[in-house]
Amino acid sequence: MKDYTKGKRPEMLEPFFPNELFRHIIVSCFLVIIELAAVGLFPLPFKVINKPDYIPWFLLPIYKLDKLIQNEVVFIPILVLCALLFISWPFLICGRKYNVSSFSSGECANRRCAGYTKDRRNLWQRPIPFMIVIITIVSVIALCLISP
Amino acid sequence: MCRGGVTPPLRFAGQRHKCRATCSGLFDLAQKLYKAYVGFVETMNSKKSEVILDETENKDFLRELIETNITRRLIPKGLSWFGCMGGLSLLAFMIQLGTGVFLMFYFIPSAGEAIASIQRVSHSVPYGWLIHRIHAVGPHVMIGMVFSHMLRILFKGIYRHPRELHWVSGACLLILTLLMYYTGSLLSVRNGGGMYSVMHMTYVYALHIAGIPLAMALFMGMHFFMVRKTGIYEPL
Numbered sequence: 001m002k003d004y005t006k007g008k009r010p011e012m013l014e015p016f017f018p019n020e021l022f023r024h025i026i027v028s029c030f031l032v033i034i035e036l037a038a039v040g041l042f043p044l045p046f047k048v049i050n051k052p053d054y055i056p057w058f059l060l061p062i063y064k065l066d067k068l069i070q071n072e073v074v075f076i077p078i079l080v081l082c083a084l085l086f087i088s089w090p091f092l093i094c095g096r097k098y099n100v101s102s103f104s105s106g107e108c109a110n111r112r113c114a115g116y117t118k119d120r121r122n123l124w125q126r127p128i129p130f131m132i133v134i135i136t137i138v139s140v141i142a143l144c145l146i147s148p
Numbered sequence: 001m002c003r004g005g006v007t008p009p010l011r012f013a014g015q016r017h018k019c020r021a022t023c024s025g026l027f028d029l030a031q032k033l034y035k036a037y038v039g040f041v042e043t044m045n046s047k048k049s050e051v052i053l054d055e056t057e058n059k060d061f062l063r064e065l066i067e068t069n070i071t072r073r074l075i076p077k078g079l080s081w082f083g084c085m086g087g088l089s090l091l092a093f094m095i096q097l098g099t100g101v102f103l104m105f106y107f108i109p110s111a112g113e114a115i116a117s118i119q120r121v122s123h124s125v126p127y128g129w130l131i132h133r134i135h136a137v138g139p140h141v142m143i144g145m146v147f148s149h150m151l152r153i154l155f156k157g158i159y160r161h162p163r164e165l166h167w168v169s170g171a172c173l174l175i176l177t178l179l180m181y182y183t184g185s186l187l188s189v190r191n192g193g194g195m196y197s198v199m200h201m202t203y204v205y206a207l208h209i210a211g212i213p214l215a216m217a218l219f220m221g222m223h224f225f226m227v228r229k230t231g232i233y234e235p236l
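If you're matching them up, the sequences are chains A and B in order. Mapping of the first sequence onto the numbering used here: position 66 corresponds to residue 66, and the numbering continues sequentially without gaps. Mapping of the second sequence onto the numbering used here: position 192 corresponds to residue 192, and the numbering continues sequentially without gaps.
No wet-lab data here; the hints were simulated from the structure. C-beta atoms are modelled at their ideal positions from N, C-alpha and C, and glycine is treated no differently. Take the hints with a grain of salt, since some may be wrong.
Claimed, not checked - A few chain B residues that face chain A, going by a derived Cβ cut-off under 7 Å, partial list only:
no.: 1; residue: 32
no.: 2; residue: 70
no.: 3; residue: 76
no.: 4; residue: 141
As the list claims (entries may be wrong) - PhoX-like mimics (lysine-lysine), calculated; alpha carbons at most 20 Å apart, straight line:
no.: 5; chain 1: B; residue 1: 229; chain 2: A; residue 2: 2
no.: 6; chain 1: B; residue 1: 77; chain 2: A; residue 2: 8
no.: 7; chain 1: A; residue 1: 2; chain 2: B; residue 2: 77
Claimed, not checked - Calculated Cβ distances over 10 Å to all of chain B for the following chain A residues:
no.: 8; residue: 23
no.: 9; residue: 36
no.: 10; residue: 128
no.: 11; residue: 135
Assemble the whole structure, with the sequences as input and the hints as a guide.
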């Protein structure tokens with residue numbers, strides 16, 4: 001188990017019980033209330049819904065993409081490729097940046113040490129991955145809005 | 001009978017010797033039995049003490065487990081409320097599991113009777129309508145929670161080394177959740193013009209209640225193991 005106490009002063013830590021557990025209980029109650037409210041807001045219809053006509057919000061981009069391409073031979077590989085890219089995102093994006101300062105300041109004598117290090121910046125601090133994510137999100141939203 | 005007992009009136013040498021031998025044999029036997037009994041009692045007592053010791057050890061183990069993981073566990077201060085989204089996704093999954101098991105008792109995976117069985121649950125079984133509605137609404141809440149959890153992970157960059165496998169297992173769980181919804185929606189579809197055969201329904205039903213949940217359980221196990229091993233988002 002990961003030990004969070006290493007290298008930390010006591011004031012930087014808080015007990016899991018009851019602080020974090022209480023937080024989890026509150027949000028769990030919130031979730032149950034949301035579900036029960038949704039049950040109340042969307043009551044059971046007496047007539048049977050024709051399900052293929054009803055597309056939920058989270059499958060809408062896939063449905064629209066299918067309608068746009070209209071060819072299952074192309075559509076399924078595209079879907080699989082998108083899923084693979086989505087799953088392997090951390091491996092595609094694990095960028096390295098060239099650490100010039102340590103080489104010029106003489107901290108590292110050899111070029112290997114001074115060269116590339118793992119990029120630990122947040123997503124919005126890295127322009128190319130951030131742009132890819134934003135373009136993807138905008139494309140998904142646009143795909144939901146268009147009517148092919 | 002010989003020792004301290006009534007002595008026979010007529011004693012012959014042979015008989016007396018025989019009686020003494022028999023009595024001593026009986027006495028030895030009694031002694032052996034007594035020793036065996038004492039040994040048995042001692043063994044039982046030692047076993048009982050071992051059991052008590054085991055119980056104490058078990059209690060200590062449980063106490064230690066609870067103390068290490070819950071009561072004495074320390075975490076970094078100021079964790080965000082949005083950090084609970086993963087836990088909420090699990091809770092939503094558990095709700096779906098519970099309501100799904102309830103519905104499983106009434107659902108008939110047949111192309112002709114599927115809709116009728118769902119209607120029966122909703123209108124005839126006590127509180128069936130509530131369970132059915134929760135099972136129908138639950139995926140929307142669950143997928144919303146999973147999406148928000150993944151967006152937070154993505155924008156905060158928590159997927160970076162050494163937590164790549166958190167992302168991989170989480171992404172697989174999201175895809176499996178979408179597949180779960182898709183198979184579930186196929187089960188309650190109106191069989192217009194006999195478009196779904198019995199085999200098709202059984203196949204989709206088996207995937208919905210066993211195949212995909214098992215895969216999800218595997219990925220969840222991997223996800224939780226990785227989260228416990230490498231922590232939430234503290235740098236290693």
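Against the structure, the hints:
| no. | hint | in the structure |
| --- | --- | --- |
| 1 | 32 | violated (56 Å) |
| 2 | 70 | holds (5 Å) |
| 3 | 76 | holds (5 Å) |
| 4 | 141 | holds (6 Å) |
| 5 | B:229 <-> A:2 | holds (5 Å) |
| 6 | B:77 <-> A:8 | holds (10 Å) |
| 7 | A:2 <-> B:77 | holds (15 Å) |
| 8 | 23 | violated (6 Å) |
| 9 | 36 | violated (8 Å) |
| 10 | 128 | holds (14 Å) |
| 11 | 135 | holds (14 Å) |
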